[in-house]
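Chemist: Chain order of the listed sequences is R and Z. Here the first sequence stands for residues 1 to 346, where the numbers follow UniProt numbering. Here the second sequence stands for residues 1 to 346, where the numbers follow UniProt numbering.
Be aware that one or more of the hints could be misleading.
One copy or two, either will do: identical chains are not told apart, so a pair holds if it fits within one copy or between any two.
Mimicking DSSO-like on lysine-lysine, the simulated pairs with C-alpha atoms at most 27 Å apart in a straight line are [unchecked claim]:
1. 176 to 278
2. 30 to 282
3. 317 to 273
4. 30 to 317
5. 280 to 46
6. 222 to 273
No lab work stands behind these hints, which were simulated from the structure alone.
There are 2 protein chains.
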Amino acid sequence: MSDYYSQENHGPFHLHSLGDFTLTSGQVLKDAQIAYATQGTLNAAKDNAVLVTTWYTGTTKIMEQIYIGAGHALDPSKYFIILANQLGSGLSTSPSNSAAQGGAAFPAVSMGDDVNAQHRLVTEAFGLDHLALVFGGSMGAGQALEWACRYPGFAQRVAALAGVGTTRPHAVVIGKIVQDILTSAPGFNGGAYAAADMAVPLRQHALYWTNLAWCPDFLDRKGWEPLGHASLDAFLTDFMTGYFAPMDANNLLAQVSKWQRADVGGIAGGDAKAAYAKVKSKVLLMPISSDQIFPVTTCIAEAALIPGARLTVIEGKAGHLGLFAIEPDYMPQINAALSGLLGEQV
Amino acid sequence: MSDYYSQENHGPFHLHSLGDFTLTSGQVLKDAQIAYATQGTLNAAKDNAVLVTTWYTGTTKIMEQIYIGAGHALDPSKYFIILANQLGSGLSTSPSNSAAQGGAAFPAVSMGDDVNAQHRLVTEAFGLDHLALVFGGSMGAGQALEWACRYPGFAQRVAALAGVGTTRPHAVVIGKIVQDILTSAPGFNGGAYAAADMAVPLRQHALYWTNLAWCPDFLDRKGWEPLGHASLDAFLTDFMTGYFAPMDANNLLAQVSKWQRADVGGIAGGDAKAAYAKVKSKVLLMPISSDQIFPVTTCIAEAALIPGARLTVIEGKAGHLGLFAIEPDYMPQINAALSGLLGEQV
Numbered sequence: 001m002s003d004y005y006s007q008e009n010h011g012p013f014h015l016h017s018l019g020d021f022t023l024t025s026g027q028v029l030k031d032a033q034i035a036y037a038t039q040g041t042l043n044a045a046k047d048n049a050v051l052v053t054t055w056y057t058g059t060t061k062i063m064e065q066i067y068i069g070a071g072h073a074l075d076p077s078k079y080f081i082i083l084a085n086q087l088g089s090g091l092s093t094s095p096s097n098s099a100a101q102g103g104a105a106f107p108a109v110s111m112g113d114d115v116n117a118q119h120r121l122v123t124e125a126f127g128l129d130h131l132a133l134v135f136g137g138s139m140g141a142g143q144a145l146e147w148a149c150r151y152p153g154f155a156q157r158v159a160a161l162a163g164v165g166t167t168r169p170h171a172v173v174i175g176k177i178v179q180d181i182l183t184s185a186p187g188f189n190g191g192a193y194a195a196a197d198m199a200v201p202l203r204q205h206a207l208y209w210t211n212l213a214w215c216p217d218f219l220d221r222k223g224w225e226p227l228g229h230a231s232l233d234a235f236l237t238d239f240m241t242g243y244f245a246p247m248d249a250n251n252l253l254a255q256v257s258k259w260q261r262a263d264v265g266g267i268a269g270g271d272a273k274a275a276y277a278k279v280k281s282k283v284l285l286m287p288i289s290s291d292q293i294f295p296v297t298t299c300i301a302e303a304a305l306i307p308g309a310r311l312t313v314i315e316g317k318a319g320h321l322g323l324f325a326i327e328p329d330y331m332p333q334i335n336a337a338l339s340g341l342l343g344e345q346v
Numbered sequence: 001m002s003d004y005y006s007q008e009n010h011g012p013f014h015l016h017s018l019g020d021f022t023l024t025s026g027q028v029l030k031d032a033q034i035a036y037a038t039q040g041t042l043n044a045a046k047d048n049a050v051l052v053t054t055w056y057t058g059t060t061k062i063m064e065q066i067y068i069g070a071g072h073a074l075d076p077s078k079y080f081i082i083l084a085n086q087l088g089s090g091l092s093t094s095p096s097n098s099a100a101q102g103g104a105a106f107p108a109v110s111m112g113d114d115v116n117a118q119h120r121l122v123t124e125a126f127g128l129d130h131l132a133l134v135f136g137g138s139m140g141a142g143q144a145l146e147w148a149c150r151y152p153g154f155a156q157r158v159a160a161l162a163g164v165g166t167t168r169p170h171a172v173v174i175g176k177i178v179q180d181i182l183t184s185a186p187g188f189n190g191g192a193y194a195a196a197d198m199a200v201p202l203r204q205h206a207l208y209w210t211n212l213a214w215c216p217d218f219l220d221r222k223g224w225e226p227l228g229h230a231s232l233d234a235f236l237t238d239f240m241t242g243y244f245a246p247m248d249a250n251n252l253l254a255q256v257s258k259w260q261r262a263d264v265g266g267i268a269g270g271d272a273k274a275a276y277a278k279v280k281s282k283v284l285l286m287p288i289s290s291d292q293i294f295p296v297t298t299c300i301a302e303a304a305l306i307p308g309a310r311l312t313v314i315e316g317k318a319g320h321l322g323l324f325a326i327e328p329d330y331m332p333q334i335n336a337a338l339s340g341l342l343g344e345q346v
């Protein structure tokens, strides 16, 4: 298990045991655990709980750092905020930490599994019967929308930032590139690699995400300079490779495969519209205007499937990784959108 | 030398010898030849000549197939059309065919070198002192704009489709991904590879271009179906890998490095605006609306540097590879734009 996924780097986080956890596929994830963090205090009425999910390669730590705090919509002085790491993240049960099903033996997990695990967490650990909000970005947005379908009404509100609930071919291709880069590495060895042998493919993965997740204008205007990097090469080496290279390839593969198969319609015979017909939550989609992974048009098409869903475009000039809140006018837009949603009566 | 670059596949083409050709870098490309094709007849006044350039991975063959013919603006019954393959294309002198400087020994070539070679071709082989039009797409657009700066007024008109004259960081990153994928292959061997050892990186290159060159909506609406492919996997295997996999990696590296270093400002101390101040051609930029490689905003920024330049957005729903004219309303827009430009008095 890589040190990267340690309490020191990503904690403090706690583990909630799910035991032998039956997946939507019918397979069993043995001795499963969901890693989570909390901020704030659950009130007596148990009506101030918010669940925050995680994106591809992210953990709850970055969600806490960016989206949670005094002055933000998700203010721990008002809300009891539960942040849950997705399966395969490296913190919850993952290829990198599963004793029984590590590496390539890790079964394929789905966003439905994440949501079922999160439901177990919030009901078993905190005795909740509803959530004021489920909020997530990118793959975390997929989980939030899966919540709306899988447990209708449990989440009173769902906010899906820069993501959708059903993966379309464009994102399948993105996943195939990641899969090909990682699994074709000479030392991959069916997933039983030595970490050092994955340095080249992980560097390529970082380069690819540079192109994918920052918009052309961000790169062309040297968007790395305000982030403190003197040159493109420094940005690629220190920031992008620095961020992605310590990750575990099998974890990335578990997540990317999950992303490729994401489909809220899984609970309705593959019919996303039928699944969304069950939704009782107030649903808000929040695409980022310059996002090339989840373009605004893709999110508009998704919103059209969801009864009553609304859409607020977050104006951003950085692309998908505007999610990192590097632009000064980003969090004000996020906070306004989430505060507005949280302020609505249900 | 790979069979792929044969007369059978890409001809008929002719070779014009440049002898030992001094590059803008000062290095010498030995026994250089520029491969070209012609259509139509040069008139007595020698004022109906059009030069067509080539894009990354493309040869004159695809330009002939798509853009030249009766009913098109570039009609051989009206114009004498010279189509010139870029250095490194596999047809003109390239890593794959240079006897003296093959493979990794091939010197870095620039778009300035292409334009100098093309100038040699049109003056030496055809005795021209001007061209009615230089037209190219993508990297070919870069060559067309380089013409406008390097030989002011020689081209009366310049039409740059889906491309710019100076590479910005976004495209540098694209090149770095291609370079890393190809050169990190276990069998790359500093460029002295066996072709079979490059199958995996060339497949990855094809996958990457699938993501890069088709827009999200093209993939999400199963844009491959009207092209006759039954599934995404069939499209990836038969069309994308089928197109890219037979190419020579060293040729791709020569081209991608040229693209990264493209800079019309090379003739003016690196100052693109100063280089464009020399322009006497009527310049038309034609970005494709859904292009993610040369976004409309990038082309607008380029046009702002060029005195008198105009810009016509080509509406397309396929992304950069709309260049392949797969949409029924594509060529009518191209033909209208080029006919309009050609019809203007100079």
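Chemist: Hint by hint, say whether it matches the structure.
Modeler: A quick look at each hint next to the structure:
no.	hint	verdict
1	176 to 278	neither (32 Å within a copy, 46 Å between copies)
2	30 to 282	neither (35 Å within a copy, 69 Å between copies)
3	317 to 273	between (32 Å within a copy, 25 Å between copies)
4	30 to 317	neither (43 Å within a copy, 46 Å between copies)
5	280 to 46	within (19 Å within a copy, 73 Å between copies)
6	222 to 273	between (41 Å within a copy, 19 Å between copies)
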